[in-house]
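For the record, the sequence lines run as chains H and P. Each residue of the first sequence is one higher than the last, beginning at 3 in the working numbering. Each residue of the second sequence is one higher than the last, beginning at 4 in the working numbering.
Honestly, I wouldn't trust all of these hints.
[Stated by the list, open to error] With a cut-off of at most 25 angstroms between alpha-carbon atoms, the simulated BS3-like pairs for lysine-lysine come out as follows:
no., chain 1, residue 1, chain 2, residue 2
1, P, Lys194, P, Lys110
2, H, Lys252, H, Lys231
3, P, Lys44, P, Lys194
4, P, Lys238, P, Lys44
5, P, Lys273, H, Lys65
6, P, Lys306, H, Lys65
Since the hints were made in silico from the structure, they are not lab data. Owing to the predicted nature of the structure, the values given are computational and were not obtained by experimental measurement.
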Amino acid sequence: MIQQFLETSRQKWTRVFVALVALFLGSLLLNISLGSVAIGFTDLMSFLFSGTTNNSGWDLILKTFRLPKAITAILVGSALGISGLQMQTLFRNPLAGPYILGISSGAGLGVAIAIFLGFYLGGFLELSGIGRSWLLVVAAGAGSLGVLLVVSLAATRLKDSVTLLIIGLMFGAASGALVSILQFFSQAENIQAYVIWSFGSLGSLSWTELHVFIPIILIGLASSILLSKPLNTLLLGENYAISLGLNLKKTRLLIIINTAVLAGTVTAFCGPIAFFGVTLPHLTRMLFNTSNHLFLTPLVIVFGAALMLIFDTIAQLPGMEATLPINAVTALFGAPFVIYILLRKKNLNYSFKS
Amino acid sequence: MPRLIFYISLISTLVMLGSCRPKSKENTGKYVGDLEVKYAKKFNISEAGLTVSEPWPGATQSITYPIKNDPHRIVVTSTTHLPYLEMLGLEDRLVGFPSTQYISSEKIRKLVEDGKITDLGPDGNMNLELLIALQPDVVFAFDMGRESSTLDKIEEAGIPVVYNADYLEASALGRAEWVKFFGVYFQKEQKADSIFNHIADRYDSLKALASSVSKKPTLFSGVMYGDIWFLPGGKNWAAEFYQDAGGEYLWAGDSSTGWLEISFESVFDKAQLADFWIGTSTFNTMQELVGQDARYGEFDAYKNDQVFSYNKRISPSGGYDFFESGYARPDIVLADLISVLHPELMPGYETYYFQKLP
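Taking the hints into account, I'd like the entire structure generated from these sequences.
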């Protein structure tokens, strides 16, 4: 009986994963083939298989722009989805997301300080031979790391996870206030630079930055798979989990560090991409009808990558010179979709039942 | 008590008389009628005074400012107002300015250092108490869209505010012609007229010189913020210069006067082979450009070392003189651009604002 159940279940999940991987590959191809500049499909194929389109300009566009952007989109989609999933389970709160602990606020504060003091810092970096692009990455990374340190310190002392939520909120409020003070005293160009950073972007990473970005995110995603089992236990409730022998404080700390590394790295390189991380776990749970993290984690990784690729394709407005900010697109197309599925499913209770 | 009322009415009568006087003096303005506004579209000079037809973007009503008795204590709110004052020799009448650290003009910086000009705090959030305490005769301001309650407060305090719409002019000479606006206001119209005529004549002869070239080099402009490239629209102030300097701006066909926000790959596709890259925002060296984004190095203009920017004159605090005085001196900007695009036409010319990125 059980044997038979497991057998059908395995067949079902194999089909789901094959379909998802196909969706992922399709959206990857779509993402690379569409953009402001029209590059024919045959040219794209010849680029993929022989490495050149016989048009050096197009080669460069594909190699230095579209491929890095696609890789960024894949990793950002997976990373934000995973950190959203982990936070929602940890706090047993459907509204939690990657930034619930104040990670993006910390990063934003770091970036604001860097931009508004940029003239001095820029000169310093020039002397040390580091490019200016790393200025924002380092600033945002330092900001998220600072928040991470404080939150983990709190996590080792507190018994109650919800208190962490409030600490995260306080971080958001305080750094928001500091940012507005900085903005008040700075010039229009700097405010513009900050606002543009806060829109988020996937296309600003070049290969040099990807060399750092890819390994960090991959390590984060791999550890998230290892954390799936404790996450399942947490779904039962913290007290129940403890009675099952889970070391709550240690697990909580590991989850927080994992999320902070993923969301913090994404924010450092691409700016805050807010909406995606909250909605993707919901979408995945509803579409695939599971709350088992052993399945959810890989599903979120693949589905998040595919969805982010699709959103990025829309943001590029194929055939037009202009582009849309990625943040606007994810919210604009993601929100109605979630509402639609919610109305069909009628409730959210499924999420936190085991 | 009646005595107090008497004093009040006497004072107010005197004040009114005082403010009326310039109106009667307008009639003696023999010169005003002769002064013609040729290029500027946003202001006009008439017997009634100076009329600003669009004081802020989208304004439906014009404002006419009577020409007063030579104001001696003035406050301006934009660095672009400073060169007009300096050209007319009026800089010593400045008593206040917001964010003085961004001033490029050496003469005016000296006045700030000597304490003659008070810093009024951040631009857009001026310290009103400081400003009112300075008791200026007039404040020259600009308003991006009728949103500044600060300016209303200044007017409430009885200090006249003159809206300056020079930044709304679409043409380079139209913008430079605003020197006449200040000239008339300070009754130095003849000086303003001769300054402007000199600039316009030089601009026209340079433009004629550049129009003789047979080959127009292609050029593009701007840099990326995030993954979006900002470059001037085809009818933008900058685009006009590129055309007049004998260059082929690759987005000249565009019809917008503002800025274009387009993706990296569109820019790259169009501009990869362009001869020149002119105007790189706050990037002052080639190293800084590729340090920000290695893909900048793939442009031919970068590989052939043909990247120029307006960073030859930067104030100690990082203000670009180009954005301060460049608007008032289109002749120098054009001469610079011609010498960049066609050095053979300007032998021995030393550029003023522009330089090749080191």
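Quick rundown of the hints versus the structure:
{"no.": "1", "hint": "P/Lys194 x P/Lys110", "result": "holds (20 angstroms)"}
{"no.": "2", "hint": "H/Lys252 x H/Lys231", "result": "holds (14 angstroms)"}
{"no.": "3", "hint": "P/Lys44 x P/Lys194", "result": "holds (21 angstroms)"}
{"no.": "4", "hint": "P/Lys238 x P/Lys44", "result": "holds (15 angstroms)"}
{"no.": "5", "hint": "P/Lys273 x H/Lys65", "result": "holds (17 angstroms)"}
{"no.": "6", "hint": "P/Lys306 x H/Lys65", "result": "holds (18 angstroms)"}
Of the numbered hints listed earlier, not one is contradicted by the structure.
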